[in-house]
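Asks: Sequence:
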Amino acid sequence: MADLEAANEDFQPSPPTTPESRVDYNARKAANDNVLQVVASVSSGSNDNTDLNQAELGVQKEAASSSGIHSVSQGVGEATEDGGPSKIDYATMSWWHTGIIMIAETVSLGILSLPKALSTMGFVPGVLIIVLLGILSWYTGYVTYQVKQRYPAITSFADIFALWLGKPGRWFGEVAQNLLLIFIMAAHIVTFSVMLNVLTEHRLCTIAFMAVGAAVSFLLSTPRTFKANSKASVFSCISIATATLIAMIAIGIEKKGLHTSFAITPSPETSLGSACMSVSSIILAYNGHIAYPSLITEMRQPRDFPKALALLITTMISLYLVVAVVIYYYAGQTVQSPALGSASPLTAKIAYAIAIPTILVAGVIAALVAAKQLYRHLWRRHSHVMREKSLRARASWFAVLAALYLLAWLMAESVPVFQQLLGVIGALFGTWFALGFPALFWFWMWWRGEAGGSGSGKAPEAIRRRSWRTWGLVALNAVIVVMSASICVLGMYGSLKAIVENESDRRPFSCASNV
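Using the UniProt record's numbering, the first residue of the sequence shown is number 1, and each one after it goes up by one.
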């Protein structure tokens, strides 16, 4: 990442030159509150460019300070040294806490769809795409970190869109990110119902199983901080690794066989739409970006986020390659999605039972990200309530969670087939949040940097002075945007076609088994 950092040096806040550059907590809080007010005013229609630029300059100065209490204004409360028994502290995570939570959030359902994606595209194309998308997601994750470092007051993609596009951007960002998160919650509810159908051999209506999944997830989501879920995230990481390992060993022993004609090239039955749907599901396996601004906000030292990102990406690429290749090699074209279903009935039951923490925790993290944004919006005029442990603070938090899980349950019932639901999520939202939006943010920051923060004036002259490395990044981000748009359109086509042509009895709001 050294070349990337050098090529993007203009986007990094300048470090403090003297100890005197450190400011006290109240001054930093006030500066960041000003930025939050600007973001809020953008949402309400204010477009005062002078105020916005002044606020941004203030944020850049504040980002330089890295000692003491970090200077970022929290999305759902303020960072304090000592919250006391009636307060909640948010900025408490180390980089490894953050990395574990990111792994738990990202390495979950997506990994269970990779062997099926490989069977659609073939060994070589599938492996290359897994590695390529992993590298690209590393880059776009770093860009998201750069945006957060330059504008520390942002806590979500919606905040970035508000700074970029004003009130329309705010609404677009909030709707898009919350839809993605609710869809992810729905995918975990679907997987929970699949798990219960496997364990009980479909002893109960699938609708009831999904309702149970939503209720259990709701209870696990009640703590308001990410760190409160960090221990559960550790169990989540261990559970998905163990369950997948058991499935791989069992499938390898059974050796169902590989159709060698499909090993290198895609299956003859593979259409453009199904191939793009498979690519969308792989992208979704890397899609943790939407949580990055919130997670960075709750870190004690936000500058350590690249360490957490490196831990996440290296873990994902390694694990994804091993799981996808091994399971597909032994299961062949008979591989199922989720991949745990490719094992024998007894082994599948064992694997699903062990995977329960992952099925629940990863969906809970998505719920927390969505709930925090809605919670902050609900108490935007009385932000002190968000740090309280009062009845009104807890009741409003529970109400937000209940509304989110109700919507997620309805979505899960509407598209109860795991692979089809992941295809829709990955194509419609995953491609943009994991790849397209960060690339567009890079262009926005680049243009503002070239244009002295106003997007006009001396931009052409400044652009001509840019280095070849910067122009390489221009080309890279342009390719990412075009690729995201193409995969979005073709992936949605393939996913919707699969839903319409669904030949099974797994219909919306059906009691039939969805295994």
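Since the hints were derived computationally from the structure, they do not count as laboratory data. Idealized CB from N, CA, C, for every residue including glycine. You may find that some hints are simply not true.
What the hints assert, rightly or not - As a list, the in silico DSSO-like pairs of lysine-lysine whose alpha-carbon atoms are at most 27 Å apart:
{"no.": "1", "residue 1": "231", "residue 2": "389"}
{"no.": "2", "residue 1": "231", "residue 2": "167"}
{"no.": "3", "residue 1": "349", "residue 2": "231"}
Stated by the list, open to error - Listed next, with one range per pair, are the computed distances between beta-carbon atoms:
{"no.": "4", "residue 1": "390", "residue 2": "497", "range": "47 to 57 Å"}
{"no.": "5", "residue 1": "383", "residue 2": "476", "range": "30 to 40 Å"}
{"no.": "6", "residue 1": "135", "residue 2": "497", "range": "42 to 52 Å"}
{"no.": "7", "residue 1": "265", "residue 2": "402", "range": "45 to 55 Å"}
{"no.": "8", "residue 1": "395", "residue 2": "486", "range": "13 to 23 Å"}
Asks: Hints first: check each against the structure and report whether it holds.
Replies: Verification of the supplied hints:
1. Restraint check for residue 231 and residue 389: satisfied, since their Cα atoms lie roughly 22 Å apart, inside the 27 Å limit.
2. For the hint pairing residue 231 with residue 167, the CA-to-CA distance comes to about 38 Å; that exceeds 27 Å, so the pair is violated.
3. Annotation: proposed proximity of residue 349 to residue 231 holds, straight-line Cα distance about 25 Å (limit 27 Å).
4. Between residue 390 and residue 497, the C-beta spacing of about 51 Å keeps the proposed range 47 to 57 Å intact.
5. Range check, residue 383 to residue 476: Cβ separation about 39 Å, and the 30 to 40 Å hint holds.
6. At about 30 Å, the CB distance of residue 135 to residue 497 disagrees with the hint of 42 to 52 Å.
7. The supplied range of 45 to 55 Å is met by residue 265 and residue 402, whose beta-carbon atoms lie about 49 Å from each other.
8. Checked against the hint of 13 to 23 Å, the C-beta distance between residue 395 and residue 486 comes to roughly 46 Å, which is inconsistent with it.
In the structure shown, a violation is registered for the earlier hints numbered 2, 6 and 8, in ascending order.
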